[in-house]
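So the protein lines, in turn, are chains B and L.
Quick note: the first sequence uses UniProt numbering, first residue 1, plus one each step.
Quick note: the second sequence uses UniProt numbering, first residue 1, plus one each step.
Each hint should be verified, as a subset may be incorrect.
[Said to hold, decoys possible] Cut-off 35 Å, straight-line C-alpha distance, at most; resulting in silico cross-link-like pairs (DSBU-like, lysine-lysine):
id: 1; chain 1: B; residue 1: LYS44; chain 2: L; residue 2: LYS185
id: 2; chain 1: B; residue 1: LYS98; chain 2: L; residue 2: LYS102
id: 3; chain 1: L; residue 1: LYS52; chain 2: B; residue 2: LYS122
id: 4; chain 1: B; residue 1: LYS99; chain 2: B; residue 2: LYS2
id: 5; chain 1: L; residue 1: LYS47; chain 2: B; residue 2: LYS98
id: 6; chain 1: B; residue 1: LYS2; chain 2: B; residue 2: LYS44
id: 7; chain 1: L; residue 1: LYS52; chain 2: B; residue 2: LYS28
id: 8; chain 1: L; residue 1: LYS70; chain 2: B; residue 2: LYS93
id: 9; chain 1: B; residue 1: LYS138; chain 2: B; residue 2: LYS98
id: 10; chain 1: B; residue 1: LYS28; chain 2: B; residue 2: LYS2
id: 11; chain 1: L; residue 1: LYS96; chain 2: B; residue 2: LYS2
id: 12; chain 1: L; residue 1: LYS47; chain 2: B; residue 2: LYS44
id: 13; chain 1: L; residue 1: LYS70; chain 2: B; residue 2: LYS138
id: 14; chain 1: L; residue 1: LYS102; chain 2: B; residue 2: LYS44
id: 15; chain 1: B; residue 1: LYS122; chain 2: L; residue 2: LYS46
id: 16; chain 1: B; residue 1: LYS99; chain 2: L; residue 2: LYS47
id: 17; chain 1: B; residue 1: LYS98; chain 2: L; residue 2: LYS52
id: 18; chain 1: L; residue 1: LYS52; chain 2: B; residue 2: LYS44
id: 19; chain 1: B; residue 1: LYS99; chain 2: L; residue 2: LYS87
id: 20; chain 1: L; residue 1: LYS52; chain 2: B; residue 2: LYS99
id: 21; chain 1: L; residue 1: LYS96; chain 2: L; residue 2: LYS52
id: 22; chain 1: L; residue 1: LYS70; chain 2: B; residue 2: LYS122
id: 23; chain 1: L; residue 1: LYS46; chain 2: L; residue 2: LYS102
id: 24; chain 1: B; residue 1: LYS93; chain 2: B; residue 2: LYS138
id: 25; chain 1: B; residue 1: LYS93; chain 2: B; residue 2: LYS133
id: 26; chain 1: B; residue 1: LYS122; chain 2: L; residue 2: LYS50
id: 27; chain 1: B; residue 1: LYS138; chain 2: B; residue 2: LYS99
id: 28; chain 1: L; residue 1: LYS47; chain 2: L; residue 2: LYS102
id: 29; chain 1: B; residue 1: LYS28; chain 2: B; residue 2: LYS133
id: 30; chain 1: B; residue 1: LYS99; chain 2: B; residue 2: LYS44
id: 31; chain 1: B; residue 1: LYS133; chain 2: L; residue 2: LYS70
id: 32; chain 1: B; residue 1: LYS122; chain 2: L; residue 2: LYS185
id: 33; chain 1: L; residue 1: LYS52; chain 2: L; residue 2: LYS70
id: 34; chain 1: B; residue 1: LYS122; chain 2: L; residue 2: LYS47
id: 35; chain 1: B; residue 1: LYS122; chain 2: L; residue 2: LYS87
id: 36; chain 1: B; residue 1: LYS44; chain 2: B; residue 2: LYS133
id: 37; chain 1: B; residue 1: LYS122; chain 2: B; residue 2: LYS2
id: 38; chain 1: B; residue 1: LYS2; chain 2: B; residue 2: LYS133
id: 39; chain 1: B; residue 1: LYS138; chain 2: B; residue 2: LYS44
id: 40; chain 1: B; residue 1: LYS98; chain 2: B; residue 2: LYS2
These are calculated hints, taken from the structure and not from any lab test.
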Amino acid sequence: MKIICVGIIGPQNNPLLIHTDFSGEERKNIEYIVYTALDFCEEKIPAMSGNKKSSLFESYLGLLFPTEDLRVYGYVTNTHHKYVLVLDDSDVKDVDTKKFFVQLHDIFIQAISNPFYNYGEKIESLNFISNLKSLISKS
Amino acid sequence: MSVSESIWSLLLNEFVNYVVSSVSEPSEPTKEENNEDFINDPEDQKKITKAKLSNAGYQIGQKLADRYTKDRSRFREQVDIIRFLCKDFWTLLFGKNVDNLKTNHRGMWIIRDENFRPLRNLSFPFDGKNLKKFDLNENQIQIVQRFLYFPCGLIRGALSALGIDADVDVHCSLIPACEFTVISKESN
């Protein structure tokens, strides 16, 4: 799969990371797509009480929405962080995107264990970026 | 992931002692005359010790919450979060489940641990008469409390990261048992 952008959004919908190779106007458009994805995430996250269907409580939210030439996937953690993955229009299996999110979760946990990182701030650590780049190149 | 119990408790002891002494004793003689770090009033000292320890716990608790909830599905209700706190989280941090959990179903939980790990090795000098466990006097309670501010912060931090904004207080009258009171801010 070809990854266009990876976004990590905090519990207050504060962006912690938006990683993409594009710059300038194109980057702005992609950021806009990531923010749009948040609304779709909210929709997919059911209210906490009352709902008994267990599949609704998975972290992996699946395909959030397709645009003309992009597909946007979502994932939400127990700590209300949202991960957004923007892919190109080629065919991908859910298994692969899910695996990517799980691995992203792993390196996110490593990143917040960095003693210089304060919870809720943007993630800028070198380790995290290089881990993320190698994760992207592998998938 | 497991951590050696001995290093956990020794590190906590050192940490608590360090914070207490850094607050109550002037550190190095500083160049500036007004050393703002030094506080004279014992009540203030107590408050600052509590704030420092509990904030450290809060930071760590938030980070742990992500780590410890990674491989499970998302929580459905507040009760699930509290259940997670009392079983998984408690076991990972303190080596056992809690002994008793009470709630008023309106955002307040009382968690009791009869043998709380950070207090397990804590003991006061033998008074020469009674070998049985005894009720602590006021002064001793103050000393014991110091070791509970950090765990309190851990709990507060983890709950806040998982979506329950709560005040956590702790009370201990007979070591090594203690009782945490969690009050959700939403319910008020």
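Evaluation of the provided hints:
no., hint, result
1, B:LYS44 / L:LYS185, "26 Å, holds"
2, B:LYS98 / L:LYS102, "38 Å, violated"
3, L:LYS52 / B:LYS122, "24 Å, holds"
4, B:LYS99 / B:LYS2, "14 Å, holds"
5, L:LYS47 / B:LYS98, "46 Å, violated"
6, B:LYS2 / B:LYS44, "24 Å, holds"
7, L:LYS52 / B:LYS28, "41 Å, violated"
8, L:LYS70 / B:LYS93, "22 Å, holds"
9, B:LYS138 / B:LYS98, "14 Å, holds"
10, B:LYS28 / B:LYS2, "19 Å, holds"
11, L:LYS96 / B:LYS2, "46 Å, violated"
12, L:LYS47 / B:LYS44, "44 Å, violated"
13, L:LYS70 / B:LYS138, "22 Å, holds"
14, L:LYS102 / B:LYS44, "33 Å, holds"
15, B:LYS122 / L:LYS46, "34 Å, holds"
16, B:LYS99 / L:LYS47, "46 Å, violated"
17, B:LYS98 / L:LYS52, "40 Å, violated"
18, L:LYS52 / B:LYS44, "39 Å, violated"
19, B:LYS99 / L:LYS87, "28 Å, holds"
20, L:LYS52 / B:LYS99, "39 Å, violated"
21, L:LYS96 / L:LYS52, "26 Å, holds"
22, L:LYS70 / B:LYS122, "20 Å, holds"
23, L:LYS46 / L:LYS102, "29 Å, holds"
24, B:LYS93 / B:LYS138, "15 Å, holds"
25, B:LYS93 / B:LYS133, "21 Å, holds"
26, B:LYS122 / L:LYS50, "28 Å, holds"
27, B:LYS138 / B:LYS99, "12 Å, holds"
28, L:LYS47 / L:LYS102, "28 Å, holds"
29, B:LYS28 / B:LYS133, "20 Å, holds"
30, B:LYS99 / B:LYS44, "19 Å, holds"
31, B:LYS133 / L:LYS70, "22 Å, holds"
32, B:LYS122 / L:LYS185, "27 Å, holds"
33, L:LYS52 / L:LYS70, "28 Å, holds"
34, B:LYS122 / L:LYS47, "31 Å, holds"
35, B:LYS122 / L:LYS87, "32 Å, holds"
36, B:LYS44 / B:LYS133, "28 Å, holds"
37, B:LYS122 / B:LYS2, "25 Å, holds"
38, B:LYS2 / B:LYS133, "13 Å, holds"
39, B:LYS138 / B:LYS44, "28 Å, holds"
40, B:LYS98 / B:LYS2, "15 Å, holds"
The structure fails hints 2, 5, 7, 11, 12, 16, 17, 18, 20 (numbered hints given earlier, in ascending order).
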